[in-house]
Structures are given as structure tokens and as C-alpha cells.
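Undergrad: Sequence:
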Amino acid sequence: RAVTRNEYAAFAQATDRAEAGCRIRTALMTLKKRSWRDPGFKQGGNHPAVCVSVADASAYASWLSQRDGLTYRLPSATEWQSAANLAGFAEACQAQRIACAGKGTAPTDSGPMTSAAVHAMHGNVREWPAGCGADCRTHAALGASWRDTPTASASDNEVDARYGYDDIGFRLVRDVGREEVEQR
Numbered sequence: 001r002a003v004t005r006n007e008y009a010a011f012a013q014a015t016d017r018a019e020a021g022c023r024i025r026t027a028l029m030t031l032k033k034r035s036w037r038d039p040g041f042k043q044g045g046n047h048p049a050v051c052v053s054v055a056d057a058s059a060y061a062s063w064l065s066q067r068d069g070l071t072y073r074l075p076s077a078t079e080w081q082s083a084a085n086l087a088g089f090a091e092a093c094q095a096q097r098i099a100c101a102g103k104g105t106a107p108t109d110s111g112p113m114t115s116a117a118v119h120a121m122h123g124n125v126r127e128w129p130a131g132c133g134a135d136c137r138t139h140a141a142l143g144a145s146w147r148d149t150p151t152a153s154a155s156d157n158e159v160d161a162r163y164g165y166d167d168i169g170f171r172l173v174r175d176v177g178r179e180e181v182e183q184r
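In the working numbering, the protein residues as written are 1 to 184.
If you're looking for bench data, these hints aren't it; they were derived computationally from the structure.
Please read these numbers as outputs of a predicted model, since none were measured by experiment.
There's no promise every hint is true.
Said to hold, decoys possible - Think about it this way: if two alpha-carbon atoms lie no more than 30 Å apart in a straight line, the pair counts; the simulated DSSO-like pairs of lysine-lysine are:
| # | residue 1 | residue 2 |
| --- | --- | --- |
| 1 | Lys33 | Lys103 |
| 2 | Lys103 | Lys32 |
| 3 | Lys42 | Lys103 |
| 4 | Lys42 | Lys32 |
Given these sequences and hints, build the entire structure.
TA: Pasting the structure below:
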């Protein structure tokens, strides 16, 4: 599932992280008064954190890794696409289990879960994958969001990496060792 506002708030408070400028992805205008705390629509603590840049998402993964003593990171685009292929976007929107073509996000646990325990890969928010280094000016945002229609393409969308967007969030993967896999 996507990282929630409450989870991101703990990181922001612990690290005194400055807020990224927030944009509307479809208009590319910066919303000066909007941030992950107030993206311009109502959100609960269990909604996905939005208006965070890819650098913010990477910093969150590093902070969580250090805090928990485990290795968390943004998924690669290939990992993200593999997980996303386990669920259908249009069907989830039509069943009204996720936010799409709407007025904001839904709780991160409201979408369908795949048999691999992957939650809500389509709709709600597009997501930052790992990949492009700090020098890159654009970065992919994978999937589809609440701004997209049920029939919209869930392909990647290149956006300015310096900003957060009101319909882009992120999820993390945790690296596990062979021993942990064998114990399961």
C-alpha cells in the first residue's frame, strides 16, 4: 500500500523535513499554499501522502530503514509494473473501491488487494518508482490516480522531479534476505 499521511508526518516531524512545492500534475502549476499537510482536498491520516517529491520519498525510505534496522526503498519501475499487473485498474474503479476520476484520495486500504498482498496499485495516486538519480530533471510517476478516468492509460508519466504533486504518492518495498524468505 502507499505510505500514509500519518506515516509521512512522523518522518517530517522527526527530521524537520521542508515541504516540497506542490503542483497539479495535469496543469503543472505550483500551488504555493498546498503541501502534504493540506493538498487542497480533505484527507484522513490513512490516506496516501501526496505533494511529496521523489527526493522526499527517498529520504523517507532512508529514515525508515535507519529507524527500523531494515532496508526499505522505492520499487524499481519493473518491480512496480510486475506488482501492478496482478490487479486491474478499470475494474477497481468501476467497483468504486478506489478513488479515480474524483475529488481526492481514498484510504490506502480501500482498494483491492492481490493474492500477493499488494494493495491498491491502480487509482488513488500515481507513484514514484526508484530510478533516475538526483541530476535528473524529470521522473516517472507510475500508475493512475484519482485525477484519471477509469479508462485512462496507467502508463508512466514524466514530471518535474523537483516538486510534489497532489496526485502522486509512493510505496516502499523491503529487501529481505534468503533466510527470511526460507522462514516463510
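Undergrad: Each hint needs a verdict: does it hold in this structure or not?
TA: Hint by hint, here is what the structure shows:
1. Lys33 - Lys103: holds (18 Å)
2. Lys103 - Lys32: holds (19 Å)
3. Lys42 - Lys103: With a Cα-Cα distance of about 9 Å, the restraint between lysine 42 and lysine 103 holds, given a limit of 30 Å.
4. Lys42 - Lys32: With Cα atoms ~17 Å apart, lysine 42 and lysine 32 stay inside 30 Å; holds.
The structure fails none of the hints (numbered hints given earlier).
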